[in-house]
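> All chains should be built: construct the whole structure from the sequences, respecting the hints.
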Amino acid sequence: MTGSQNSKGLEKADRYYKQYGERAKELKKEGRKIIGYMSALTPVEILTAAGVAPIRLKGFMDEAVTKGDAYMESIICPFVRSAFDAAVKGRFGFMDGMVLPHQCDSIDRTNEVWSSNLNLPYWHFLNVPHVTGGPSIEFMKEILRVFIGTLEKFLGTKITDTAIAQAIKAHNENRRLMRELYILRKQNPPLISGVEMMKVLVAAMSLPVDESSALIKSVTEEVKKRPAPADGNRKRIMIIGDQIDHIAIPEAIENAGAWLVVDDLSIGVKVYWPEVDETTDPLQGIAERYLRKLKIPTTFVGEGDTYEENLEARFGHLKQRIAEFKVDGAILFIYKYCDPYGFEVPAVKSYIESGGTPVLYLEDEYSTSTLARVKTRIEAFLEMIA
Amino acid sequence: MLVAGIDIGSITTEALLFDKEKGIVGYDILQTGADSKKTAEMALEKVLAYPGKNISDVSYIIATGCGRKRASFAKQAITEITCIARGVNHLFPEARTIIDIGGQDTKVIKVDGKGRVIEFEMNDKCAAGTGRFIEVMAKALNVELDRIGDSSLKHKKEVTISSICTVFAESEVISLVSEGEELEDILYGIHKAIADRTMGLISRIGGAEKEVVMTGGVAKNIGVVKALEAALNMPLKIHVEPQIVGALGAAMIALEKTA
Numbered sequence: 001m002t003g004s005q006n007s008k009g010l011e012k013a014d015r016y017y018k019q020y021g022e023r024a025k026e027l028k029k030e031g032r033k034i035i036g037y038m039s040a041l042t043p044v045e046i047l048t049a050a051g052v053a054p055i056r057l058k059g060f061m062d063e064a065v066t067k068g069d070a071y072m073e074s075i076i077c078p079f080v081r082s083a084f085d086a087a088v089k090g091r092f093g094f095m096d097g098m099v100l101p102h103q104c105d106s107i108d109r110t111n112e113v114w115s116s117n118l119n120l121p122y123w124h125f126l127n128v129p130h131v132t133g134g135p136s137i138e139f140m141k142e143i144l145r146v147f148i149g150t151l152e153k154f155l156g157t158k159i160t161d162t163a164i165a166q167a168i169k170a171h172n173e174n175r176r177l178m179r180e181l182y183i184l185r186k187q188n189p190p191l192i193s194g195v196e197m198m199k200v201l202v203a204a205m206s207l208p209v210d211e212s213s214a215l216i217k218s219v220t221e222e223v224k225k226r227p228a229p230a231d232g233n234r235k236r237i238m239i240i241g242d243q244i245d246h247i248a249i250p251e252a253i254e255n256a257g258a259w260l261v262v263d264d265l266s267i268g269v270k271v272y273w274p275e276v277d278e279t280t281d282p283l284q285g286i287a288e289r290y291l292r293k294l295k296i297p298t299t300f301v302g303e304g305d306t307y308e309e310n311l312e313a314r315f316g317h318l319k320q321r322i323a324e325f326k327v328d329g330a331i332l333f334i335y336k337y338c339d340p341y342g343f344e345v346p347a348v349k350s351y352i353e354s355g356g357t358p359v360l361y362l363e364d365e366y367s368t369s370t371l372a373r374v375k376t377r378i379e380a381f382l383e384m385i386a
Numbered sequence: 387m388l389v390a391g392i393d394i395g396s397i398t399t400e401a402l403l404f405d406k407e408k409g410i411v412g413y414d415i416l417q418t419g420a421d422s423k424k425t426a427e428m429a430l431e432k433v434l435a436y437p438g439k440n441i442s443d444v445s446y447i448i449a450t451g452c453g454r455k456r457a458s459f460a461k462q463a464i465t466e467i468t469c470i471a472r473g474v475n476h477l478f479p480e481a482r483t484i485i486d487i488g489g490q491d492t493k494v495i496k497v498d499g500k501g502r503v504i505e506f507e508m509n510d511k512c513a514a515g516t517g518r519f520i521e522v523m524a525k526a527l528n529v530e531l532d533r534i535g536d537s538s539l540k541h542k543k544e545v546t547i548s549s550i551c552t553v554f555a556e557s558e559v560i561s562l563v564s565e566g567e568e569l570e571d572i573l574y575g576i577h578k579a580i581a582d583r584t585m586g587l588i589s590r591i592g593g594a595e596k597e598v599v600m601t602g603g604v605a606k607n608i609g610v611v612k613a614l615e616a617a618l619n620m621p622l623k624i625h626v627e628p629q630i631v632g633a634l635g636a637a638m639i640a641l642e643k644t645a
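Just so you know, the protein sequences line up as chains A and B, in that order.
Position one of the first sequence corresponds to residue 1 (this note's numbering), numbered consecutively onward.
Position one of the second sequence corresponds to residue 387 (this note's numbering), numbered consecutively onward.
These are calculated hints, taken from the structure and not from any lab test.
Don't be surprised by glycine CBs; every beta carbon is placed ideally from N, CA and C.
This list has only true hints and no planted wrong ones.
A few chain A residues that face chain B, going by a derived Cβ cut-off under 7 Å, partial list only:
(1) 376
(2) 379
(3) 380
(4) 383
(5) 384
Below is the structure:
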């Protein structure tokens, strides 16, 4: 699929994917402060406004957890363990600090394990509420102010409302550009494969927002120009899960003879679809996006009158993506010991199936070595919907 | 016209030769061992030797099972889930639910009247409640594998094995022995545990619908069969050679491909 002479964007994405954090290292040398973070719940707008480079931490599916297990028990989410293991092994040695938002127990309750082992100059636990009503929005704005205060103290600068408003614009633009790239997958066959897209998504979260936008733009231009793949006679698959950040999963799907055309992942559609409204108080817009617009299982309490209404509010966007991207089947890929996603499995499965789209539910470790069994299930699922 | 199906499983490999007019010509079952590619070739050779045929006489070969991609002589690899469903449909057209317990996998499959898969579930990656589990228990209790089923039918009381993890269940079984429980009762407990676990998978595909067919090597264990029938409150249909159903299904699909 590659091999085009001017494959600048995709090549870059491939490099940043393979050497994760390469650009952060360079930026650090140039004197930029690097702040690592976990989860879709970290308000990157604030970090960008502060002038630091926010880098989202990832795990490494093809590496065994070795050092990390000395500090974290195997009951903890395998993704968190992998990312933590990478951190204590020094893979994110460029970090000046980290932000851990209150998401799931595996993140919340390991906050001290992270902070005491990494011992970085800056550390912040962002106490994001889990319910989304009016009082929670007020609370969220308050904790954003606290967050801003700690950054200002660490950096010795003031983070102005104007800087935040500019950062909001930049991140909204970044999201719009990524959605433009996604649109190229609506065609049959999709103009960009799921494997390539995974590399772009991972590369994008390792860069400051302006560089991320430039990368996405160049990938989109490149993909538009190159000839479309010939094989249109394949089933179109959607993947749903939290932070799937390794090409092994899209590879397993596409090597089985399908196209991965869209996702609902916390490094993909989940973060690129909702924008921050440009409100007079910029924190209002940020609070609303992270609490209400982000569709993740840890910040949701149904406010509808009926169960059906709550299902629509929680999962309605999935049906929209399925229709827009002409999805033939959905794969629900949940990591072992993931409570928030695990709780929702029966609801999301039956909700999607009620729309006539078959669902394959997979639960696995965060490891490429256990994928053989997963591959058999994916193949059987494709044979089933053929 | 001849077609063949080959099922390369975790413990055994089955080759089956099918004639369009005459039906099953022959089959062979081998231990898979460490070299699944070689075993697959040997199984095919053996099954061809009986009617005195060559591989060139076979119009289409499909491989299935966890080693399906290792059979380079096969034209296509199809998962065992799809193949078992087709094989069962050929033998029992009224089948709607299939329970397949093999060496390291338990699968439950919901099928329609044409043998198409509607839904399926598999055990997770541990081999709890599968053929390997029974082998480990038989060894721990020093009972021959082919006697374990019959012995369990002579049980006098209900002994519960609470853990289905092979390693934990083994130590549980050993402590039951030291507590003086009867061998038959323990064996019954083991089979009941397998049935309970399988029922959990069945509930995930919306329960069992008539007829229920059982396939895979564990279908030869009368203890598991009886425990499952009791749990389902339904009789199980079982082919005389339940291990070859995957290979048969592969051959049936191969036949379709040549049409």
